[in-house]
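Colleague: Residue strings, one per chain:
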Amino acid sequence: MSARLFLIYINFVELLSKLEKLNNLDIQAIRADFPILKREVNGKPLVYLDNGATTQKPQAVIDAIMAYYTDMNSNVHRGVHYLSQISTDAFEVTRRKVQEFIHAEHDYEVIITKGTTDSINLVATCYGQEFVHEGDEIIISAMEHHSNIVPWQMLCETKKAVLKVIPMNEAGELDMDAYAAMLNDKTKLVSVNYVSNALGTINPIREIIRLAHAKNVPVLLDAAQAVQHLKIDVQELDVDFLVFSGHKMYGPTGVGVLYGKEKWLNAMPPYQGGGDMIKDVSFEKTTYNELPFKFEAGTPNIEAGITLNAAIDYINSLGLDNIKAYEDDLLAYATERLQEVEGIRFIGTAKEKSSVISFVVDGTHPYDIGVILDKLGIAVRTGHHCAQPVMEQYGIPGTVRASLAVYNTKEEIDALVAGVKRAVAMLV
Amino acid sequence: MTINEIQDELIEDFAFYSDWMEKYEYIIQLGKELPLIDEANKQEQYIIKGCQSKVWLFPEMKDGKLWFTADSDAVITKGLVSLMVKVLSGHTPKEIADADLYFIEQIGLKEHLSPTRANGLLAMVKQMKLYALALQAKVS
Numbered sequence: 001m002s003a004r005l006f007l008i009y010i011n012f013v014e015l016l017s018k019l020e021k022l023n024n025l026d027i028q029a030i031r032a033d034f035p036i037l038k039r040e041v042n043g044k045p046l047v048y049l050d051n052g053a054t055t056q057k058p059q060a061v062i063d064a065i066m067a068y069y070t071d072m073n074s075n076v077h078r079g080v081h082y083l084s085q086i087s088t089d090a091f092e093v094t095r096r097k098v099q100e101f102i103h104a105e106h107d108y109e110v111i112i113t114k115g116t117t118d119s120i121n122l123v124a125t126c127y128g129q130e131f132v133h134e135g136d137e138i139i140i141s142a143m144e145h146h147s148n149i150v151p152w153q154m155l156c157e158t159k160k161a162v163l164k165v166i167p168m169n170e171a172g173e174l175d176m177d178a179y180a181a182m183l184n185d186k187t188k189l190v191s192v193n194y195v196s197n198a199l200g201t202i203n204p205i206r207e208i209i210r211l212a213h214a215k216n217v218p219v220l221l222d223a224a225q226a227v228q229h230l231k232i233d234v235q236e237l238d239v240d241f242l243v244f245s246g247h248k249m250y251g252p253t254g255v256g257v258l259y260g261k262e263k264w265l266n267a268m269p270p271y272q273g274g275g276d277m278i279k280d281v282s283f284e285k286t287t288y289n290e291l292p293f294k295f296e297a298g299t300p301n302i303e304a305g306i307t308l309n310a311a312i313d314y315i316n317s318l319g320l321d322n323i324k325a326y327e328d329d330l331l332a333y334a335t336e337r338l339q340e341v342e343g344i345r346f347i348g349t350a351k352e353k354s355s356v357i358s359f360v361v362d363g364t365h366p367y368d369i370g371v372i373l374d375k376l377g378i379a380v381r382t383g384h385h386c387a388q389p390v391m392e393q394y395g396i397p398g399t400v401r402a403s404l405a406v407y408n409t410k411e412e413i414d415a416l417v418a419g420v421k422r423a424v425a426m427l428v
Numbered sequence: 429m430t431i432n433e434i435q436d437e438l439i440e441d442f443a444f445y446s447d448w449m450e451k452y453e454y455i456i457q458l459g460k461e462l463p464l465i466d467e468a469n470k471q472e473q474y475i476i477k478g479c480q481s482k483v484w485l486f487p488e489m490k491d492g493k494l495w496f497t498a499d500s501d502a503v504i505t506k507g508l509v510s511l512m513v514k515v516l517s518g519h520t521p522k523e524i525a526d527a528d529l530y531f532i533e534q535i536g537l538k539e540h541l542s543p544t545r546a547n548g549l550l551a552m553v554k555q556m557k558l559y560a561l562a563l564q565a566k567v568s
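Residue numbers (the working numbering), protein chains in the order written: chain A, 1 to 428; chain B, 429 to 568.
No lab work stands behind these hints: they were computed from the structure.
Since the structure is predicted, the reported quantities are computational estimates derived from the model, not experimental observations.
The C-beta atom is built at its ideal place from N, Cα and C for all residues, glycine as well.
A couple of the hints might just be wrong.
Derived CB-CB ranges, DEER-like [claimed, not checked]:
(1) Glu433(B) with Ala379(A): 37 to 43 Å
(2) Ala562(B) with Ile27(A): 56 to 62 Å
(3) Ser446(B) with Pro45(A): 19 to 25 Å
(4) Asp26(A) with Ser446(B): 50 to 56 Å
(5) Asp321(A) with Ala443(B): 53 to 59 Å
(6) Gln235(A) with Gly536(B): 52 to 58 Å
(7) Glu40(A) with Glu433(B): 37 to 43 Å
(8) Trp495(B) with Lys38(A): 47 to 53 Å
Footprint (simulated), chain A over chain B, 3 or more residues, beta carbon under 8 Å [claimed, not checked]:
(9) 446–455
(10) 480–492
(11) 502–514
Here are the simulated BS3-like cross-link-like pairs (lysine-lysine), alpha carbons at most 30 Å apart as the crow flies [as the list claims (entries may be wrong)]:
(12) Lys410(A) with Lys231(A)
(13) Lys375(A) with Lys460(B)
(14) Lys482(B) with Lys375(A)
(15) Lys490(B) with Lys375(A)
If we strip away everything but chain B, and leave its shape as in the complex, we get (with noise of 0.2 Å):
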């Protein structure tokens, strides 16, 4: 699936939840399914600054595929930063640094998307854009 596919399966998923509660419920449950980072990969340099709970991201490449494992010590974190990983693990450097992530405001996270957030979504989808940057130019 493209990017572009998964982001409007997700936002299908959504739509079929009407309160935050649910939202929210889905969320902590999508935290379940993210593909975790490996303890030995919990290093200091793969903390992402600017979140209240701590968040680990490990970028892999494998057959010109950029992939993400990650964690977090929160769940709706986790869950958070499962989405992204669902969204863009998987493609190319090319793919992910193109990507426009339509699907946040439409599943109605556009709120923790301020800089000034604590959970730091948008620091999440900075250093994964950035990862696929550094790597696209290393590929060219």
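Here chain A stands alone, though its shape is the one from the complex (with noise of 0.2 Å):
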């Protein structure tokens, strides 16, 4: 072959290669853009199946909050100075990558929280303000975390409202017939989450949506659990509020967003008064900033709001689709594998499921697994998961909780597996 032809052809061998990773994500690639991931735990190597409680973070996160404070440390919104310039800068940065990250039609309808409990709090508290009665109603369904029960419960004892919670079957599927037959003239806004966190569960929004909207009800989505599988169009969707955090996402914690329809965000009074909301303060009257300013009183975690664009910029590198793809089969891995241990028995069979495998073993407590997982360096959530409703309908104290993301392997859901194992032999 002579020098020439042998060149195309190494071009060629190259162009296969990239094309090839634009379908398949090259995981030992991934694993290496986070640090955390070489350490050990208890002399073992870390298997960290924690995802849904907080996803580890990318270098170029770690560089991003590094260069924050090295290089551009300064308020956001008041200063005229050069840093306090290029730090409000950041901030809006991030909030037009969130805008484009779900679709949003306008930038100003993303308002910057402190996470998924703080936007539902926000919103409980000021469209409750405003449009929640004595006798109305408010629906949330029965496998929610109880970020999105207690706010909804405090905003119905204050009111003297009524709180309608759409039950599940066995398997942790809504029953959408009884869904339909609770929406009525009464009701003032449906709060339920894309995917469950302690069962997986992706539930049929579009369908809770359609059905809502048919009534004039407006819908809050709690994506916490959703963003970082599956990709969101707010627009698409038609949802009215929409809620998640900065730390499940591969990003700072301390930072998390509300989307909400503008009309919704318009009409709703603000949430906290303080600096950055107002327009004039006077002490006989305070004229109230625009959005999303109206609702973001006071200084925000402005590290997180800055470097949570990095965290974006590393979902979109990937693709939602390519993340999905790859976690659908692990999560099937991981079931079929988890089926050798005797004994165990899955908490949520949903036929829709995300990246969530909740179990129990017959003869044993959830909390002794976690305990003896963790000395073989494996990272599990025990116990009932913040959601305690749904334990309850199961009558289990919790569930050993594996939630998986991008950087997991098939080899870690072996170690798991070989770890349950010996815990089980231990212990029953």
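Hints given; two lone chains; assemble the complex.
Modeller: Written out as structure tokens, the structure reads:
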């Protein structure tokens, strides 16, 4: 072969391998992006399967945090000086990045909050103040996390409104007929999760929204367990509010998002009073700032707000479709392999699931399994996962939950299965 | 045996086990020796808050000494309760209230003592001492 032909051949091979990577993630390269995955725990390589609680951070996010404090630190939205301007610009870049990420119509429909819990409390307080009155009804589901239960209970108590709960079946799927029958003229809001943190169920949100809108009822989607796994388009969904956290999507802690349709956010009174959310303040009368600042009182978590941008870039660089395909494959593998464990019972067996595998083993307490897995370097969550009503429905004190991220591997699932078998041998 | 003699004996026992697996197997074994709480006493007021698993602890005074019976639905937690009961049960309230529980650190279970730990070992110790203090006040 001539040298020239050989070069063409090499280029062709390189091109092919690049094309392949577009469709298939290079998991070893992804793992190399997360420095913490190299560490050991209790003398064993870390197997991190607690991603539903929080994900690890790629080097790009860690670098962005370092760069913020090294190069940029300054308060946002108030200084004429150079640093304040560049940090304000960077903060607003994140807002627009989030807008693109969830395909919101306007950037001012994106409110930067402390996290999912903060976002839900904001809506419960402000939407509740304006639109919920005595005898009205709020609908949530039987598989909500405490942060999508308690704010509504508090609102209902203050306003003498009624909280309705969509029941679910044994598999962990919502009873949609019961839901449809629940909607009426008194319903003021439906607030449900997209993906259940305890069960992994992906809820039929299009149908939930369609049925609610048919009765002119707005819908809040808790997407804390969804944004890192599934592509979300708020305009296509026509959802009224969407909330999520940065730290569960490879980003920093202490930052989250509330997306709200402009018409709702404008009609709602401000949340907290303070700096940034005002136009003019006198002791007689304060006029409020416009969106989004009306809901962003006080100095935000600037570092996290700015560096959430890097986390979204990271997700985009992998592509949510690729992430989903890979994680679905891994979930199927984990579900199949764990069936080898004698006495295992899966909690949450919905047809549509995402990245969460929750289980109990006959004759053992989830806590005991968690302690032994920890000794083997395997991080899972045990307990009620802040979803006590879910555990109550199944009549169990809690579960062992392995929750997956894009950097997990089949070898790690093998380690989990071996670990659970070892624990069961010790405990039963 | 005094509280310290029991502690020293446990430290000796644990020194025998070098790896964590054996240690935990021993703790699970100790759980089986726990004097079990009467089913009738498994009431809300005897549940120790702050444990991921359920722990019941029942105090009883007999001949001037404080005795504990207990149970848990998780076997490792049950082993930890059993350790505490072994050390503290059957002593006077004053001895229990004044006890310095140095054995926990020496047998390598200090990690379980942090207040944020879900097993509630710290809550157990606190509750046992609280019973002792209350009874001591009653006696004097």
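Colleague: Each hint should be assessed against the structure and marked as holding or not.
Modeller: For each hint, the structure was consulted:
no., hint, in the structure
1, Glu433(B) with Ala379(A): 37 to 43 Å, "holds (39 Å)"
2, Ala562(B) with Ile27(A): 56 to 62 Å, "holds (58 Å)"
3, Ser446(B) with Pro45(A): 19 to 25 Å, "holds (22 Å)"
4, Asp26(A) with Ser446(B): 50 to 56 Å, "violated (41 Å)"
5, Asp321(A) with Ala443(B): 53 to 59 Å, "holds (56 Å)"
6, Gln235(A) with Gly536(B): 52 to 58 Å, "holds (57 Å)"
7, Glu40(A) with Glu433(B): 37 to 43 Å, "holds (38 Å)"
8, Trp495(B) with Lys38(A): 47 to 53 Å, "holds (51 Å)"
9, 446–455, "holds (count 4)"
10, 480–492, "holds (count 3)"
11, 502–514, "holds (count 4)"
12, Lys410(A) with Lys231(A), "holds (24 Å)"
13, Lys375(A) with Lys460(B), "holds (22 Å)"
14, Lys482(B) with Lys375(A), "holds (22 Å)"
15, Lys490(B) with Lys375(A), "violated (40 Å)"
In the structure shown, a violation is registered for the earlier hints numbered 4, 15, in ascending order.
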